[in-house]
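Asker: Spelled out from the first residue to the last, the chains are:
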Amino acid sequence: MGDCHYLYGNYMTVKRITFLQEMLGLLGLEERLGLSWISSAEAQKFVQVVSDFTERIRSLGPNPLHAYKENRKAAAAELMPLDFIGEGYDQQRQSMA
Amino acid sequence: MINNVKAWLEDGTVDAFLGYREMDHHPLPHCFTREHMEEVDDLVISPVRYPLEKIATHMTEMEPDIKIGMLARDCDDRALNVLYLWNQLKSENVRTLGVNCCPSRLKAHGDCSYLEPEKIGAYKKQVGVDNNLSPEALDSYGQKERLNRWMYEFQKCIKCYGCRNICPVCFCKECSLEHDELVKTGPLLPEIPVFHMVRAVHMAGRCIDCGLCEAACPMDIPLRLLYGKVNQIVKDVFDYDTGSAALDSPFNILGDTVTLEPKPIETAQAVNP
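Chains D and L, in that order, are what the protein sequence lines are.
Our numbering applies: residue -9 is where the first sequence begins, and numbers increase by one.
Our numbering applies: residue 114 is where the second sequence begins, and numbers increase by one.
These aren't lab readings, by the way, just hints derived from the structure by calculation.
Where a beta carbon is used, it is the ideal one built from N, C-alpha and C, also for glycine.
Certain hints may be false.
[Claimed, not checked] What the simulated footprint calls covered on chain L by chain D, stretch by stretch (three residues with Cβ under 8 angstroms from a Cβ of chain D suffice, anywhere in the stretch; the number is not a length):
#1 276 to 283
#2 311 to 319
#3 336 to 346
[Said to hold, decoys possible] Below, simulated EDC-like cross-link-like pairs (lysine to aspartate or glutamate); rule was C-alpha separation at most 20 angstroms, straight line:
#4 L:Lys348 with L:Asp252
#5 L:Lys376 with D:Glu21
#6 L:Lys376 with D:Asp(-7)
#7 L:Lys348 with D:Asp(-7)
#8 L:Lys376 with D:Glu12
#9 L:Lys238 with D:Asp42
#10 L:Lys203 with L:Asp349
#11 L:Lys297 with L:Glu287
#12 L:Lys348 with D:Glu45
#13 D:Lys35 with L:Glu148
#14 D:Lys35 with L:Glu374
#15 L:Lys257 with D:Asp42
#16 L:Lys269 with L:Asp243
#17 L:Lys257 with D:Glu20
#18 L:Lys272 with D:Glu21
#19 D:Lys5 with L:Asp243
#20 D:Lys5 with L:Glu287
#21 L:Lys257 with D:Glu21
#22 D:Lys5 with L:Asp352
#23 L:Lys376 with D:Glu45
#24 D:Lys5 with L:Asp361
Whenever a hint applies, use it, and build me the whole structure from the sequences.
Answerer: Structure representation (structure tokens):
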């Protein structure tokens, strides 16, 4: 800490990332963000951290937000009890989208 | 109160006074001046709120040395603290006239449009987020349910920018929500949840919990709760109480005042044993 090329850079980063992790937690996505200090001389550590993180993301599966992007109705079906989605729902969303 | 305002205007304590004036039975925000002293007789404390401090910010923008007086509830006071801190207003140029304020966790009675929180319907209760929940109560939903409930709320958004326009502490000349590359003009609906999350991030250490955004939202998205949650995080992580005094936001303090450490990155096995 404090040993940063950009002076206060890592202090600012740790504040922002800690905050962001908490905030993503609001949406239940907090495990998808990580922070680690790696200097440019620590190639081994870099490889280790990145492969670990990749493994972890893979084990979590695809980002649930993609479902909302690609198919709002399918996502909506999961979102709410089916009987709430009337016939007009799809058309309505499409005409608005 | 009216005499007080008149005296201030007459002796030059303030050049303009922001309050509410009853016109056709509607209390509307109004700027009282020395030239139109007779209008001061119509000054009212309205239960309807407008961000008077935002009007003050705009006036100061045009005329930096103008002395402004205004009615101030607790939320206005908090907003003013934030605006002093961000150099949008000078505290020596603002005089406030305290008025009774809205009910909150601290006060039970007040003159405010927020007197009675609205009750939510059965449908919203089932799939959405109750506007009246406390930030802590949100955590009782599971991860997936929380996401679904918020996404239900966000997908209603019609990108009217009402929340930003009414917000007393939103003062940027260039708003990232209007940046061509980030949020394109034209297409509806906005990209969710990014649109709302961008605003939420900007509210960290700034939102003063006045609830105007939620009152302005035509789609009834629980914005006050969202920003309240964000500020709860700021409070928990940095022990910073937004608006209570004109103290620097933790995100603005440079240097080694941080004792935080990055959270260890758990391995795949730990996440998904």
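Asker: So which of the earlier hints does this model not fit?
Answerer: 1, 7, 9, 10, 12, 13, 15, 18, 19, 20
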